[in-house]
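Student: Sequence:
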Amino acid sequence: MKALRRAVPPVLAFLGFLLVWEAIVRHGHIPPYILPAPSCIGATLIADRATLLPALWVTLSITLEGLLAATFGGVVIAILFTQWRWLERAFLPFAVILQVTPIIAIAPLLLIYCTPPVAVLLCAFLVAFFPILANTALGLASAGRNLSDLFALYGATPGQTLWLLKMPAALPLFLAGLRIGGGLALIGAIAAELTAGTQGGRTGLAFRIVEAGYRLNIPRMFAALALVALTGIAIYVALAALSRWALRRWHESAAETG
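First residue of the sequence shown? That's 31 in this note's numbering, and the numbers climb one at a time after it.
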């Protein structure tokens, strides 16, 4: 019931936004090729589902594959950085460089050296990788010094200290980085699809948006954009639910509020 009460305000606000949008389009007699009404976008989603749903699956699969690779790579490298500080000092600047360089500038270069499907996947991986790496490394380093000294006093091995102390301490920050990385992986997949175009062999939602723009099929463009937005919301909600489930019994960030 608490979850339902929390969901009611944003749902009502969104429905109100759609009603105002619909009213403006109908009252102003705005043609669909300039601004389609929400009802027109919904009808386009149904009519063009044979085109849009396969494109949605392509984009979603690339996003999830990139996020999975970024999660694995970020956690493993964060553990290595925590165990050997010289490794962090040596290689963290490279991760920062990849993060601050716009992915739309990296994508054309990746297309030169990699096949288009691999380049698209790498773009999704690169933008999601740094938040997971940075948050996990910070979480692993945030274990209390007194607890670390206590583990050392009782003769705990480095592996036991990592597994029983540092990893539980890092879990909240890791999950926060995962939520950020989920949205960024979708952004990276869309940006890479825009750059790759039809070279990728698989046409995702970004290609359908560009294609609809060339054909001046504005309702389909809005329908594809709606699917992108809904996909991003679904990824965030799923990862937020995972975070609450993992932390609800012991961490303040997941405590139930009225």
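Hints listed in this document are in silico derivations from the structure and should not be mistaken for laboratory results. Think of the CB as a built atom: it goes at the ideal place given N, C-alpha and C, for glycine as much as any other residue. Heads up, some of the hints might be wrong.
[To be verified] What follows is a set of in silico ranges between Cβ atoms, one per label pair, in the way DEER data are often shown:
#1 Ala171 to Ala37: 22 to 28 angstroms
#2 Leu83 to Val50: 27 to 33 angstroms
#3 Gly243 to Ile60: 54 to 60 angstroms
#4 Arg115 to Tyr184: 22 to 28 angstroms
#5 Leu255 to Pro147: 42 to 48 angstroms
#6 Leu224 to Gln113: 21 to 27 angstroms
#7 Leu117 to Leu65: 50 to 56 angstroms
Student: If a hint holds in the structure, say so; if it does not, say that too.
Tutor: Quick rundown of the hints versus the structure:
{"no.": "1", "hint": "Ala171 to Ala37: 22 to 28 angstroms", "in the structure": "violated, 36 angstroms"}
{"no.": "2", "hint": "Leu83 to Val50: 27 to 33 angstroms", "in the structure": "holds, 28 angstroms"}
{"no.": "3", "hint": "Gly243 to Ile60: 54 to 60 angstroms", "in the structure": "violated, 18 angstroms"}
{"no.": "4", "hint": "Arg115 to Tyr184: 22 to 28 angstroms", "in the structure": "holds, 23 angstroms"}
{"no.": "5", "hint": "Leu255 to Pro147: 42 to 48 angstroms", "in the structure": "violated, 23 angstroms"}
{"no.": "6", "hint": "Leu224 to Gln113: 21 to 27 angstroms", "in the structure": "violated, 39 angstroms"}
{"no.": "7", "hint": "Leu117 to Leu65: 50 to 56 angstroms", "in the structure": "holds, 53 angstroms"}
Hints 1, 3, 5, 6 from the earlier list are contradicted by this structure; the remaining hints agree with it.
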